[in-house]
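Undergrad: Sequence:
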Amino acid sequence: MTGEGLLGPYRVLDLTDDRGWVCGRILADLGADVIKVEPPGGDPGRRRGPFYQDLPHPERSLYFWAFNLNKRGVTLNLETADGRELFRRLVAVSDFVIESFDPGYLDSLGLGFDELRRLNPRVILVSISAFGQDGPYAGYRATDIVGMAMGGMMAVSGDPDRPPVRVSVPQAWLHAGAQGAAGAMIAHYYREMTGRGQHVDVSMQQAVIWTLMNETPFPLPDFYGFDLRRAGARRTTGRLVIRQIYPCRDGYICLLILGGQAGARSMRGLMTLLEEAGLLPDWLREFEWETWDMATPRHHPTAQAELEAIESLLGELFRQRTKSELYEAALKHGILLAPVNTVTDLFNNPQLAARGFWVEVEHPELGTRVTYPGPFVQGTLNPARIYRRPPLIGEHNEEVYCGLLGLTRSDLERLRGANAI
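Numbering (my numbering), first residue to last: 2 to 422.
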């Protein structure tokens with residue numbers, strides 16, 4: 002792929018485990034030559050399920066596959082002198098190094114940023130860790146749930162009368178990896194201007210905090226007049242608590258109830274649906290939605306009671322219809338409503354199909370094709386694309402070590418015997 006794509010001319014050494022995989026995946030989708038560097042025997046994340054056809058094997062981990070598309074793969078043991086020397090040679094001909102080791106590990110091997118930039122003054126090192134490379138928590142380890150808790154996400158997730166919950170699938174390390182890719186691109190822009198690489202330090206905790214910037218940019222009680230709290234299937238606007246998620250006949254829908262000029266058309270559309278279903282009471286027929294301003298409910302002391310009565314009527318309406326029926330009605334009447342899509346819904350979504358989001362990738366070692374989510378972004382001149390299945394363990398050792406560094410096959414045999422690759 003080198004030479005194609007937005008990052009076609011550039012090479013990335015990806016030393017990450019599952020805490021940073023997505024960083025390399027993003028750079029690979031943009032066309033960079035990403036070389037996944039694993040210990041002999043493979044990345045431990047390969048042993049995490051689910052597995053293809055439910056057959057546990059390090060070469061069949063769907064978890065590993067998802068984040069390691071478009072990468073080449075080599076094995077390398079940094080704990081050996083030969084392995085470290087091989088890594089130094091790779092750094093000299095690479096543009097980025099990304100890693101997710103515990104802070105200080107690379108320094109302990111004599112492979113910290115000072116050594117890397119001595120080998121290659123233009124190299125950019127991206128380090129992804131739980132709390133960053135310095136500070137009192139730098140040496141602490143953390144799982145996804147710890148990141149969600151200490152980043153503040155759990156404090157605003159869940160129902161108000163129950164303990165905090167985390168998002169149901171791991172997200173914290175994905176946010177950190179994505180910010181690592183963004184940081185790499187900003188450092189790359191600076192390098193193109195100055196010729197100098199730098200160390201990009203990513204904290205998972207801070208990455209999670211950034212996902213809450215709509216709620217955490219100011220001292221909250223002073224700004225809002227109250228502390229934000231968990232709202233579950235509801236949201237808080239001013240002093241109103243508004244339901245957003247409703248069950249319907251075959252799942253759930255999300256609805257934005259909004260008054261004033263911005264929401265009047267949507268609310269009148271909902272009133273039309275209520276009337277068609279015989280559920281519209283007289284008191285709602287002439288309701289002045291343009292003046293029902295939720296942003297300043299203190300001027301409308303009955304707003305919460307009115308809102309709850311409307312929500313009850315809408316709940317009865319939605320239970321009678323499917324997600325698809327409600328979505329089509331929303332499009333027709335300009336209602337601020339959307340289906341809550343399941344994974345199956347996404348796989349059959351016409352919008353994603355029209356954009357070619359789902360991509361079939363050949364797995365010759367399995368004799369089949371596997372459907373993957375496609376790239377996260379598209380460009381008009383250099384479209385991101387899927388061009389390589391995830392690597393097998395050490396699949397490109399000869400291609401990289403011999404083709405790139407000039408080693409011989411006998412060199413590789415010696416290095417294998419020394420447990421360096």
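In case anyone wonders, no lab produced these hints; they're calculated from the structure.
Check the hints yourself; a few may be wrong.
Once the Cα atoms are required to be at most 25 Å apart in a straight line, the calculated SDA-like pairs of lysine to any residue come out as [unchecked claim]:
no. : residue 1 : residue 2
1   : Lys333    : Arg356
2   : Lys333    : Glu312
3   : Lys333    : Leu382
4   : Lys333    : Glu361
5   : Lys333    : Gly380
Undergrad: Each hint: holds or not?
TA: Verification of the supplied hints:
no.: 1; hint: Lys333 with Arg356; in the structure: holds, 24 Å
no.: 2; hint: Lys333 with Glu312; in the structure: holds, 21 Å
no.: 3; hint: Lys333 with Leu382; in the structure: violated, 36 Å
no.: 4; hint: Lys333 with Glu361; in the structure: violated, 35 Å
no.: 5; hint: Lys333 with Gly380; in the structure: violated, 32 Å
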